[in-house]
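Trainee: Residue numbers (numbering that gives the first Met the number 0), protein chains in the order written: chain A, 0 to 413; chain B, 0 to 141.
Just to be clear, a hint being listed does not mean it is correct.
Claimed, not checked - Here are the computed distance ranges between Cβ atoms for each label pair:
hint, chain 1, residue 1, chain 2, residue 2, range
1, B, 112, A, 365, 40 to 46 Å
2, B, 19, A, 286, 23 to 29 Å
3, A, 123, B, 112, 43 to 49 Å
4, B, 119, A, 407, 28 to 34 Å
5, A, 61, B, 10, 43 to 49 Å
6, B, 53, A, 177, 55 to 61 Å
7, B, 115, A, 2, 30 to 36 Å
8, B, 104, A, 159, 46 to 52 Å
9, B, 18, A, 286, 55 to 61 Å
10, B, 107, A, 63, 19 to 25 Å
11, B, 89, A, 57, 41 to 47 Å
12, B, 52, A, 2, 36 to 42 Å
13, B, 9, A, 271, 46 to 52 Å
14, B, 115, A, 176, 42 to 48 Å
What the hints assert, rightly or not - Derived lysine-lysine pairs resembling DSBU-like cross-links, with alpha carbons at most 35 Å apart:
hint, chain 1, residue 1, chain 2, residue 2
15, A, 162, B, 17
16, B, 1, B, 37
17, B, 107, A, 162
18, B, 17, A, 71
19, A, 163, B, 27
20, B, 17, B, 1
21, B, 17, B, 37
22, A, 163, B, 17
23, A, 162, A, 71
24, B, 90, B, 107
25, A, 163, B, 107
26, B, 17, B, 107
27, B, 27, A, 162
28, B, 1, A, 162
29, B, 17, B, 27
Simulated from the structure, these hints should not be mistaken for laboratory data. Positions of the beta carbon are idealized from the N, C-alpha and C atoms, including for glycine.
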Amino acid sequence: MSEAAAVDAVRRRIDALWRIEGPRITAALARATRDFGLAEDLAQEAVADALAQWPEAGVPRNPAAWLTAVAKRKAVDAWRRAEMLDERYRTIAHGLPDAEGLSWEPVDDDVLRLVFTACHPVLSREAQMSLTLRVVGGLTTEEIARLFLVPVATVQQRIVRAKKTLAAAQVPFEVPEPHEWGGRLSAVLGVVYLMFTEGYSATTGDRWIRPDLANEALRIGRVLAGLVPREPEAHALVALMEFQASRFAARTRPDGTPILLADQDRTRWDRGQIGRGRAALARADALGRGRRSYALQAAIAECHAVAPSVEQTDWARIVLLYEVLGRVAPSPVVDLNRAVAVSMATGPAAALAIVDRLASDGALRGGHLLPSVRGELLARLGRTDEARAEFTTAAALARNDRTRAVLEARAADL
Amino acid sequence: MKYMFIMRATDEAIEASKQVPFEEILNKMGAYNESLIKAGVMLAGEGLADVSEGSAFVVDFSEEPPVVTDGPYGETHELFNGFWIVQVASKEEAAEWASRCPLGPGSKLEVRRVAEADDFADFADNEYIQKEALWREELGKP
Numbered sequence: 000m001s002e003a004a005a006v007d008a009v010r011r012r013i014d015a016l017w018r019i020e021g022p023r024i025t026a027a028l029a030r031a032t033r034d035f036g037l038a039e040d041l042a043q044e045a046v047a048d049a050l051a052q053w054p055e056a057g058v059p060r061n062p063a064a065w066l067t068a069v070a071k072r073k074a075v076d077a078w079r080r081a082e083m084l085d086e087r088y089r090t091i092a093h094g095l096p097d098a099e100g101l102s103w104e105p106v107d108d109d110v111l112r113l114v115f116t117a118c119h120p121v122l123s124r125e126a127q128m129s130l131t132l133r134v135v136g137g138l139t140t141e142e143i144a145r146l147f148l149v150p151v152a153t154v155q156q157r158i159v160r161a162k163k164t165l166a167a168a169q170v171p172f173e174v175p176e177p178h179e180w181g182g183r184l185s186a187v188l189g190v191v192y193l194m195f196t197e198g199y200s201a202t203t204g205d206r207w208i209r210p211d212l213a214n215e216a217l218r219i220g221r222v223l224a225g226l227v228p229r230e231p232e233a234h235a236l237v238a239l240m241e242f243q244a245s246r247f248a249a250r251t252r253p254d255g256t257p258i259l260l261a262d263q264d265r266t267r268w269d270r271g272q273i274g275r276g277r278a279a280l281a282r283a284d285a286l287g288r289g290r291r292s293y294a295l296q297a298a299i300a301e302c303h304a305v306a307p308s309v310e311q312t313d314w315a316r317i318v319l320l321y322e323v324l325g326r327v328a329p330s331p332v333v334d335l336n337r338a339v340a341v342s343m344a345t346g347p348a349a350a351l352a353i354v355d356r357l358a359s360d361g362a363l364r365g366g367h368l369l370p371s372v373r374g375e376l377l378a379r380l381g382r383t384d385e386a387r388a389e390f391t392t393a394a395a396l397a398r399n400d401r402t403r404a405v406l407e408a409r410a411a412d413l
Numbered sequence: 000m001k002y003m004f005i006m007r008a009t010d011e012a013i014e015a016s017k018q019v020p021f022e023e024i025l026n027k028m029g030a031y032n033e034s035l036i037k038a039g040v041m042l043a044g045e046g047l048a049d050v051s052e053g054s055a056f057v058v059d060f061s062e063e064p065p066v067v068t069d070g071p072y073g074e075t076h077e078l079f080n081g082f083w084i085v086q087v088a089s090k091e092e093a094a095e096w097a098s099r100c101p102l103g104p105g106s107k108l109e110v111r112r113v114a115e116a117d118d119f120a121d122f123a124d125n126e127y128i129q130k131e132a133l134w135r136e137e138l139g140k141p
């Protein structure tokens, strides 16, 4: 093996190890230093040391223990530096156990603190997603850049700025207080789901699905559900993502062209994944605290997942679930989806009334969703010219190249 | 990507494992499975019942029609006794998880990538590929 190839093999090995060990090492560092930004820097230094030493010295017998030991030594050094710099720190530290006695073994709560810090509301959405993938997912900057199709420097900047923002806002390395818990957990779940949807239905670019990004979101969602097993919405989010991901194989043709739900070959849906989705939704329901937003969305996705065809789908039940969802989490997108379900359960005329009401509210103005649904309903009602005009409007508004192509084809086919 | 870890053990290893308290094996395997679940990578896994209970048999296709026998288990050097399916980002990550499995001398994990739809993309329109998917659906109903 050439030297470059050997270095590359070690790097891939470290990347793999870090996905497994990184979050716990970073969490332990953050607890020892009480400083999220410093912990993340030290963790990256440990990785850099491994990358510098292992190609020549060989990969240690227990590489995870090596990384942990190096990280720990860095934490102790940082602690000593702080002690020397700051007399007061020394006084406070006096009563603490010596460096070797620093409590190190990370607990799940430390990883949970990482999650809440990385998804803190002072950060932008992009920063939350990048930081979550980095510290909770254990991904490298290069891997994150590849997932979001942005330059490596962009991700680096996002992470550096995010750490500065957290420091400036003096965000503590803690789980939220009980009175903030619900809202903060929702924010965390929102970050994971945004990551998933960005992969599931790419808003920009020439690919409709980025399964790698969606799979990372799903993995982090499963980790999160394990960290807060008493939270129904965490399990429900996993269920929703499992159901949606079960259709990946059926959602695009080999050349990347999207296939819409009605035309998908349902035999290509991943039954194992659907089974895991149902199990996760059952875990959420078993907690007996009722269904909220993600559980209702998961229940709708389950209706599709278990239906043998579009015609045999329980559309009446889906309409009902959308009605409840509309009350729990009112949104024009939910109403639009309810309209589609109504068109299947009752007929296009009843659905068009809902869509026209939405159009007059102007809530979805500027997006391709409303005109594309309206076009579909008009087409079914035989109002072909109006339908074609709606599809043309929708195509002009679509930001994803593949979506635009589908809508243009729909207009041309009428 | 998905990988399957196929657990194999020699007859001697299986005999040796019977000297270890079963509870100890349960605890170690339980902790390993829990680490896979907590990391969000475990998709499936099963352990297979001991062949000595007599539930195992072999269908041999070297003749037509195939012959069902109690199996050449006495002669096999390595017995397939369980599996995991994990979802990971790389071959290296699969290797890392596999090497953490609490197994001892005489045991092996054979690690294989699970073929996915993309592997058959060139044959997606093939009648038999589609039929196979249909069979799988019928068999795999949750």
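Trainee: The structure should be examined with respect to each hint, and the outcome stated for every one.
Mentor: Here is what the structure says about each hint:
no., hint, result
1, 112(B) / 365(A): 40 to 46 Å, "holds (44 Å)"
2, 19(B) / 286(A): 23 to 29 Å, "violated (37 Å)"
3, 123(A) / 112(B): 43 to 49 Å, "violated (37 Å)"
4, 119(B) / 407(A): 28 to 34 Å, "holds (29 Å)"
5, 61(A) / 10(B): 43 to 49 Å, "violated (30 Å)"
6, 53(B) / 177(A): 55 to 61 Å, "holds (57 Å)"
7, 115(B) / 2(A): 30 to 36 Å, "holds (34 Å)"
8, 104(B) / 159(A): 46 to 52 Å, "holds (48 Å)"
9, 18(B) / 286(A): 55 to 61 Å, "violated (42 Å)"
10, 107(B) / 63(A): 19 to 25 Å, "holds (22 Å)"
11, 89(B) / 57(A): 41 to 47 Å, "violated (20 Å)"
12, 52(B) / 2(A): 36 to 42 Å, "violated (54 Å)"
13, 9(B) / 271(A): 46 to 52 Å, "violated (31 Å)"
14, 115(B) / 176(A): 42 to 48 Å, "holds (44 Å)"
15, 162(A) / 17(B), "violated (53 Å)"
16, 1(B) / 37(B), "holds (17 Å)"
17, 107(B) / 162(A), "violated (44 Å)"
18, 17(B) / 71(A), "violated (40 Å)"
19, 163(A) / 27(B), "violated (42 Å)"
20, 17(B) / 1(B), "holds (32 Å)"
21, 17(B) / 37(B), "holds (29 Å)"
22, 163(A) / 17(B), "violated (57 Å)"
23, 162(A) / 71(A), "holds (21 Å)"
24, 90(B) / 107(B), "holds (17 Å)"
25, 163(A) / 107(B), "violated (48 Å)"
26, 17(B) / 107(B), "holds (17 Å)"
27, 27(B) / 162(A), "violated (39 Å)"
28, 1(B) / 162(A), "holds (34 Å)"
29, 17(B) / 27(B), "holds (15 Å)"
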